[in-house]
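Participant: One-letter residues, chain by chain:
Number of protein chains: 2
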Amino acid sequence: MKKISRRKFVNQTTKAAFATVVAAGVVSNTQAMIEKGTFIHHVYFWLNNPESKEDFNQLVAGLKKLSAVKTIASFHIGKPADTNRDVIDRSYSVSWMLLFKNKADQDSYQVDPIHLKFVEECKHLWKKVVVYDSVDV
Amino acid sequence: MKKISRRKFVNQTTKAAFATVVAAGVVSNTQAMIEKGTFIHHVYFWLNNPESKEDFNQLVAGLKKLSAVKTIASFHIGKPADTNRDVIDRSYSVSWMLLFKNKADQDSYQVDPIHLKFVEECKHLWKKVVVYDSVDV
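One line per chain: the protein sequences are A and B, in this order.
Position 108 of the first sequence, counting from 1, maps to 111 under the numbering used here, and the rest follow consecutively.
Position 81 of the second sequence, counting from 1, maps to 84 under the numbering used here, and the rest follow consecutively.
I should point out that these hints are in silico values taken from the structure, not numbers from a laboratory.
Some hints here could point you the wrong way.
If chains are identical, the list can't say which one is meant, so a pair holds when it fits in one copy or spans any two.
[Stated by the list, open to error] Listed below are the simulated DMTMM-like cross-link pairs for lysine to aspartate or glutamate, each with C-alpha atoms no more than 20 Å apart in a straight line:
id	residue 1	residue 2
1	K82	D108
2	K56	D108
3	K104	D85
4	K67	D89
5	K104	D115
6	K106	D92
7	K56	D139
8	K130	D85
9	K130	D92
10	K131	D92
11	K82	D139
12	K68	E54
Next up, chain A with everything else stripped away, as it sits in the complex:
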């Protein structure tokens, strides 16, 4: 039996895998390109009271509720990692990373009642928000 390395297998089957993957609702995660056409919406929050664990928890709880928006494909609620180099910005409090299948799904998310409610309920918590929206090159 011919041995195929994991790496080679991924390279050879990426396209087929992504096709399957769209249907199954999963993305390959082994040195794999994020599914083609994905819209990445990455939001960083700077809290008004960065020392307040309560405010931090309130924002995280709000984001957990916000994750219920149906057009979200995948989400991640993060905080700065324990890395520290000149180029790293670790001044934010919370990272909110969303993958959408396409721009239309992101547009829908923006006006989703759950999203509007989240902004209304949580906007007092932050002093600054920076958003980076990215699509395939």
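Got chain A sorted already, so can you dock chain B onto it with the hints?
Facilitator: Frame of chain A; chain B shown alone:
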């Protein structure tokens, strides 16, 4: 036969799915939390010559080669989406989003010869790099 909505199914099976998913090397992508423990390394590049399609292509080609680093779980090479609100920063040229299974994999990537070579070959292209490293809250 009892009908289970896609949404409900995902909620009920998320934990089991993630367990399977780790083994299979995939992440669920249906309103699903990114796999627990994931380290997100998101880099934004500002080119010295943002109008140069050649420089842009050179950086993208460099990132494609860089994606060969074995500890990378998933990657995305992006450019600013066609969205434009006050909070959106669309001044960067290229987005490089990496998912690692854990911090150790990210640490390994930082010193991988492929990474060092990429920096050496491409650093003349950019004037600014901002990195956001995020881990689970």
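Participant: Against each hint, give a clear statement of whether it holds in the structure.
Facilitator: These are the hints, each one checked on the structure:
| no. | hint | verdict |
| --- | --- | --- |
| 1 | K82 x D108 | between (25 Å within a copy, 18 Å between copies) |
| 2 | K56 x D108 | neither (32 Å within a copy, 29 Å between copies) |
| 3 | K104 x D85 | between (30 Å within a copy, 15 Å between copies) |
| 4 | K67 x D89 | neither (31 Å within a copy, 24 Å between copies) |
| 5 | K104 x D115 | within (16 Å within a copy, 31 Å between copies) |
| 6 | K106 x D92 | between (27 Å within a copy, 17 Å between copies) |
| 7 | K56 x D139 | between (36 Å within a copy, 15 Å between copies) |
| 8 | K130 x D85 | neither (23 Å within a copy, 25 Å between copies) |
| 9 | K130 x D92 | both (16 Å within a copy, 16 Å between copies) |
| 10 | K131 x D92 | both (14 Å within a copy, 12 Å between copies) |
| 11 | K82 x D139 | between (25 Å within a copy, 6 Å between copies) |
| 12 | K68 x E54 | neither (23 Å within a copy, 41 Å between copies) |
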